[in-house]
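Could you put the whole structure together from the sequences, leaning on the hints where they help?
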Amino acid sequence: MNWPIIIVIGIVVILVVVIIGIYNGLVQRRLRVDEAFAQIEVQLKRRHDLIPNLVNAVKGYMGFEQKVLTDVTNARAAAVAAGAQGPTQQAAAENALTGTLRSLFAVVENYPELKANENVLSLQEQLTTTENQISFSRQHYNATVLDYNTNIQTFPSVLIAGPFGFTKRDFFDAEPEAANVPNVDLSLS
Amino acid sequence: MATRSSFYGQISANKRNSLLMAAFVIAIFALLGFTIGYAMFGTPAGGVATTAFALAIGSISGVATYFGGDKLVLTVSGARPVDATTAPQLLNVVQEMAIAANVPMPAVYIIDDTAPNAFATGRDPAHASIAITTGLLEKLDREELQGVIGHELSHVRNLDIRFSLVVGVMVGAIAILADFFLRFTFWGGGSRRSDRDSGGNGAAAVIAIVAIVLAILAPMISRFIQLAVSRQREYLADASSVELTRNPYGLERALAKIGGDKEVLEVANRGTQHMYFTNPIKKFEARSSGLMSTHPPILDRINRLRELTGEAPLEAAEAATLTGLE
Chain A
1 MNWPIIIVIG
11 IVVILVVVII
21 GIYNGLVQRR
31 LRVDEAFAQI
41 EVQLKRRHDL
51 IPNLVNAVKG
61 YMGFEQKVLT
71 DVTNARAAAV
81 AAGAQGPTQQ
91 AAAENALTGT
101 LRSLFAVVEN
111 YPELKANENV
121 LSLQEQLTTT
131 ENQISFSRQH
141 YNATVLDYNT
151 NIQTFPSVLI
161 AGPFGFTKRD
171 FFDAEPEAAN
181 VPNVDLSLS
Chain B
1 MATRSSFYGQ
11 ISANKRNSLL
21 MAAFVIAIFA
31 LLGFTIGYAM
41 FGTPAGGVAT
51 TAFALAIGSI
61 SGVATYFGGD
71 KLVLTVSGAR
81 PVDATTAPQL
91 LNVVQEMAIA
101 ANVPMPAVYI
111 IDDTAPNAFA
121 TGRDPAHASI
131 AITTGLLEKL
141 DREELQGVIG
151 HELSHVRNLD
161 IRFSLVVGVM
171 VGAIAILADF
181 FLRFTFWGGG
191 SRRSDRDSGG
201 NGAAAVIAIV
211 AIVLAILAPM
221 ISRFIQLAVS
231 RQREYLADAS
241 SVELTRNPYG
251 LERALAKIGG
261 DKEVLEVANR
271 GTQHMYFTNP
281 IKKFEARSSG
291 LMSTHPPILD
301 RINRLRELTG
311 EAPLEAAEAA
321 TLTGLE
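Quick note, the sequences are listed as chains A and B, same order. Residues 1 to 189 in this note's numbering are what the first sequence lists, from first letter to last. Residues 1 to 326 in this note's numbering are what the second sequence lists, from first letter to last.
Source of the hints: derived by calculation from the structure; they are not laboratory data. These figures come from a predicted structure and were not determined experimentally. Positions of the beta carbon are idealized from the N, C-alpha and C atoms, including for glycine. Take the hints with a grain of salt, since some may be wrong.
Unchecked claim - Here are the simulated SDA-like cross-link-like pairs (lysine to any residue), alpha carbons at most 20 Å apart as the crow flies:
no., chain 1, residue 1, chain 2, residue 2
1, A, Lys168, A, Gly86
2, B, Lys257, B, Glu138
3, A, Lys115, B, Glu143
4, A, Lys168, A, Ile22
5, B, Lys15, B, Arg123
6, B, Lys257, B, Tyr235
7, A, Lys59, A, Asp49
8, A, Lys115, B, Arg142
9, B, Lys139, A, Leu121
10, B, Lys139, A, Glu125
11, B, Lys71, B, Gly168
12, A, Lys115, B, Asp141
13, A, Lys115, B, Gln89
14, A, Lys115, A, Gly86
15, A, Lys168, A, Leu31
16, A, Lys45, B, Gln95
17, A, Lys115, B, Ile221
18, A, Lys168, A, Leu69
19, B, Lys15, B, Asp124
20, B, Lys71, B, Arg123
21, B, Lys257, B, Lys71
22, A, Lys67, A, Ala57
23, B, Lys257, B, Gly135
24, A, Lys45, A, Ile22
25, B, Lys71, B, Pro81
26, B, Lys71, B, Asp124
27, A, Lys115, B, Tyr235
To be verified - Here are some chain B residues pointing at chain A (derived, C-beta under 8 Å):
no., residue
28, Thr85
29, Thr86
30, Pro88
31, Gln89
32, Gln95
33, Glu96
34, Ile99
35, Ala100
And the structure:
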């Protein structure tokens, strides 16, 4: 064996090791995105399951405001249907559902017997926490998507991402009003 | 992203500081042990023997605290575990904040005490516990509770809880060793000295004085370190809580309510006070302006939150009526 061959083999081995490292990094990031999305879906599912119970619990009291209830029911059906259409459509349908739920809770405020009903209170708490968990999971999911998308578009991983079929993921978009969050400066000065 | 890097910075700083603090304890232990042994037995060999003894005791208590300190703190504070059936809203809020902070769901405990307060403990996020008093649950609404839980989970995520455990061991162990020595010198030391030859006692006397000075100073120095680092991380945890909840008002109102509450938390003591949401020993905080408090004044914490939202700081008179602070 002579030196040039050894050097070539050495370079090839190093290249292969580097490629394996980058590939594994990409797979790990993609798994994190999937995992974060699964977390959102668990909570969306929970919300979809809670809504019929809430509608049943308040139906008898709200004789004059059936429209609010049908809005919620329709928005829920649309959100369930949007589940298969990818994060962007799903986020839009879920945001519409959040809006109808808010108007429902605003209406509930006008009915003292409903506000005092243990079952309604418990459902309201469960829906509140589910909604909060959805919004916190969404932040986490969007952060993992940002990390993944940045990674597949930057050098050197961009060279590997294309051939191995790593494609961009969609954000789960926040509601418009949620964009106005206060800017937090964590510096200790 | 400034927010991101600052808490990642805090996590690595806490890992490093926990190690440094452990090294500091070992060094102080060795130094104290050697000087005390020298003073007691009059020979360097005696010093070495005492050092070995002190280090053995120290490492046993250190390892025990690292792995069991959280359980000890919870037991001492009279905390009982709760689940989704006994405290559904509290569990929901903790779950929300755990998702926001991206840490596993911690074990949740309740302390039966009407003074509103909370603390977090454990060695890492996977082995973390949060304890809340019944007073806090009764007095705060959902948003305020979220702010407080966000603060506690920031301590968990930033590994402040590990540092607190290590600091707890340090302050405790050094105090015990110094105390042990001082008692020994004043009760048993005298008779031993009369047995010895009078020749060569000059050096021994100097060593004895050094030992006494060290024994008095070491606990104070370690205590000051505990205080200084603990105040800084309260501000950071407040800011992190706002970052998690995206809502500075809940935490601000919670601080105002708790600050205005006059009740004293009976289960807190000198060893656990630095872990709480606000200083549980109120009289102590009011009397001492800064140097000796484990927590920054509540008014300062409120004003820093108001800075985030662009509001003017509270005037002194306004603050006095709102928070009831002296």
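Outcome of the hint check:
1. For the suggested pair Lys168/A and Gly86/A, the alpha carbons sit about 13 Å apart, so the restraint of at most 20 Å is met.
2. Distance hint between Lys257/B and Glu138/B is fulfilled; the C-alpha atoms sit about 12 Å from each other, no more than 20 Å.
3. Distance hint between Lys115/A and Glu143/B is fulfilled; the C-alpha atoms sit about 19 Å from each other, no more than 20 Å.
4. The suggested pairing of Lys168/A with Ile22/A holds, with an alpha-carbon distance near 17 Å, which does not exceed 20 Å.
5. Taking the CA atoms of Lys15/B and Arg123/B, the gap is about 11 Å. The hint holds against a cut of 20 Å.
6. Under the criterion of a C-alpha separation no larger than 20 Å, the hint pairing Lys257/B with Tyr235/B is consistent with the structure, at around 18 Å.
7. For the hint pairing Lys59/A with Asp49/A, the CA-to-CA distance comes to about 17 Å; that is within 20 Å, so the pair holds.
8. Taken as a hint, the Lys115/A and Arg142/B pair is honoured in the structure, with Cα atoms around 16 Å apart against an allowance of 20 Å.
9. With a CA separation close to 19 Å, the supplied pair Lys139/B and Leu121/A stays within the 20 Å bound.
10. This hinted pair checks out: Lys139/B and Glu125/A have alpha carbons roughly 18 Å apart, not beyond 20 Å.
11. Taken as a hint, the Lys71/B and Gly168/B pair is honoured in the structure, with Cα atoms around 13 Å apart against an allowance of 20 Å.
12. At roughly 16 Å between alpha-carbon atoms, Lys115/A and Asp141/B fall within 20 Å of each other, so this suggested pair holds.
13. Between Lys115/A and Gln89/B the alpha-carbon distance is near 17 Å, which keeps this suggested pair within the 20 Å criterion.
14. Taking the CA atoms of Lys115/A and Gly86/A, the gap is near 37 Å; set against the 20 Å cutoff, the hint is violated.
15. Distance check on the hinted pair: Lys168/A and Leu31/A sit about 13 Å apart at the alpha-carbon level, within 20 Å; holds.
16. Distance check on the hinted pair: Lys45/A and Gln95/B sit about 17 Å apart at the alpha-carbon level, within 20 Å; holds.
17. Distance check on the hinted pair: Lys115/A and Ile221/B sit about 56 Å apart at the alpha-carbon level, beyond 20 Å; violated.
18. Annotation: proposed proximity of Lys168/A to Leu69/A is violated, straight-line Cα distance about 38 Å (limit 20 Å).
19. The straight-line distance between the Cα atoms of Lys15/B and Asp124/B is roughly 10 Å, inside the 20 Å bound, and the hint therefore holds.
20. The suggested pairing of Lys71/B with Arg123/B holds, with an alpha-carbon distance near 11 Å, which does not exceed 20 Å.
21. Distance restraint check for Lys257/B and Lys71/B: the Cα-Cα separation of roughly 29 Å exceeds the 20 Å cut-off, and the hinted pair is therefore not satisfied.
22. Annotation: proposed proximity of Lys67/A to Ala57/A holds, straight-line Cα distance about 16 Å (limit 20 Å).
23. Between Lys257/B and Gly135/B the CA atoms are separated by roughly 11 Å; this keeps the pair inside 20 Å, and the hint holds.
24. The straight-line distance between the Cα atoms of Lys45/A and Ile22/A is roughly 35 Å, outside the 20 Å bound, and the hint therefore fails.
25. A distance of roughly 11 Å separates the Cα atoms of Lys71/B and Pro81/B; the hinted pair therefore holds under the 20 Å criterion.
26. Between Lys71/B and Asp124/B, the direct Cα distance comes to roughly 14 Å. Compliance with the 20 Å bound is thereby established for this hinted pair.
27. Proposed proximity of Lys115/A and Tyr235/B is contradicted: the alpha carbons are some 38 Å apart, above 20 Å.
28. Given hint, Thr85/B at the interface with chain A, is violated; its Cβ is 12 Å from that chain's nearest Cβ, farther than 8 Å.
29. Evaluation of the Thr86/B hint against chain A yields a violated restraint, the C-beta minimum of about 14 Å exceeding 8 Å.
30. Contact between Pro88/B and chain A, as hinted, is supported at the beta carbon level, the nearest pair being about 7 Å apart and thus within 8 Å.
31. A least Cβ separation of about 6 Å between Gln89/B and chain A falls short of the 8 Å threshold, and the interface hint therefore holds.
32. Because the closest C-beta pair between Gln95/B and chain A is about 7 Å apart, less than 8 Å, the hint holds.
33. Hint status for Glu96/B relative to chain A: holds, with the closest Cβ pair at about 4 Å, below 8 Å.
34. Evaluation of the Ile99/B hint against chain A yields a held restraint, the C-beta minimum of about 4 Å falling below 8 Å.
35. The beta carbon of Ala100/B comes within 4 Å of a beta carbon in chain A, closer than 8 Å, and the hint placing it at the interface holds.
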